[in-house]
Amino acid sequence: MAAVLLLGGCATTQQRGYELETAQRAYLRAARWGDWAVLRSFHRSLDADAVALMHEQSRNLRMSAYTVLEGNADLENGTAWQVVEFGYYRVDSNIERHVVDKQSWVYDQDRSVWFVDSPFPRLD
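Numbers given in our numbering equal positions in the sequence shown, counted from 1, plus 19.
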């Protein structure tokens with residue numbers, strides 16, 4: 020019986036790993052294509068000011084790159100982090116800028132999805 024429970028836990032951990040990888044790939048695609056609505060949907064704890072800031076940024080900025088620099092996950096506890104670099108430019112200046120951001124990811128067991136539990140970076 021213990022072996023069955025261990026296998027079940029392993030499957031859950033493997034599933035979480037797959038779901039994390041899928042979520043992070045979707046976030047990467049949204050960032051690279053400048054899909055601000057999808058990016059917002061990954062951030063679960065955005066207040067009204069953060070949403071307004073993202074909306075403002077979406078009108079004036081274009082994404083040029085999104086690169087994962089490093090990351091790690093504790094799948095059993097449903098937490099992960101990754102350091103990413105956003106490349107972007109203002110529509111009116113065409114000067115490319117970069118910002119490095121450390122993202123905290125959290126697994127929501129009730130919904131079986133991963134969320135970014137850190138604010139979206141300010142892109143000035």
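It is worth saying that the hints were derived from the structure and are not from the lab.
Errors might be hidden in some of the hints.
What the hints assert, rightly or not - Keeping only pairs whose Cα atoms sit at most 20 Å apart, straight-line, the calculated SDA-like set for lysine to any residue is:
(1) K121 - R78
(2) K121 - V110
(3) K121 - S64
(4) K121 - Q101
(5) K121 - Q33
To be verified - Simulated DEER-style distance windows between Cβ atoms:
(6) Y108 - Q34: 16 to 24 Å
(7) V132 - V70: 30 to 38 Å
(8) A69 - W100: 14 to 22 Å
(9) R109 - Q33: 23 to 31 Å
(10) R59 - E115: 33 to 41 Å
(11) Y37 - R116: 29 to 37 Å
(12) R63 - E95: 30 to 38 Å
(13) K121 - A71: 20 to 28 Å
(14) S112 - V57: 21 to 29 Å
(15) D111 - G90: 28 to 36 Å
(16) E40 - V119: 29 to 37 Å
By construction, the Cβ of each residue, glycine as well, lies at the ideal position given by its N, Cα and C atoms.
A quick look at each hint next to the structure:
Proposed proximity of K121 and R78 is contradicted: the alpha carbons are some 24 Å apart, above 20 Å. With a C-alpha separation of about 25 Å, the suggested pairing of K121 with V110 is violated against the 20 Å cut-off. Distance check on the hinted pair: K121 and S64 sit about 16 Å apart at the alpha-carbon level, within 20 Å; holds. For the hint linking K121 to Q101, the alpha-carbon distance of about 6 Å falls within 20 Å, and the restraint holds.
The suggested pairing of K121 with Q33 is violated, with an alpha-carbon distance near 24 Å, which exceeds 20 Å. The beta-carbon spacing between Y108 and Q34, approximately 38 Å, falls outside the hinted interval of 16 to 24 Å. In this structure, V132 and V70 break the distance hint of 30 to 38 Å, their C-beta atoms being roughly 19 Å apart. For A69 and W100, the Cβ-Cβ distance of about 19 Å falls inside the hinted range of 14 to 22 Å, so the restraint holds.
A hinted range of 23 to 31 Å is violated for the C-beta pair R109 and Q33, which are about 42 Å apart. In this structure the hint that R59 and E115 lie 33 to 41 Å apart at CB is violated, the actual value being about 23 Å. Under the hint 29 to 37 Å, the C-beta atoms of Y37 and R116, about 34 Å apart, fit the expected range. For the pair R63 and E95, the supplied restraint of 30 to 38 Å is violated, since their beta-carbon distance comes to about 20 Å.
Separation of K121 from A71 is about 23 Å and conforms to the stated range, judged on CB atoms against 20 to 28 Å. About 25 Å separates the C-beta atoms of S112 and V57, a value consistent with the hinted range of 21 to 29 Å. Between D111 and G90 the beta carbon distance is about 33 Å. The supplied range of 28 to 36 Å therefore holds. For E40 and V119, the Cβ-Cβ distance of about 21 Å falls outside the hinted range of 29 to 37 Å, so the restraint is violated.
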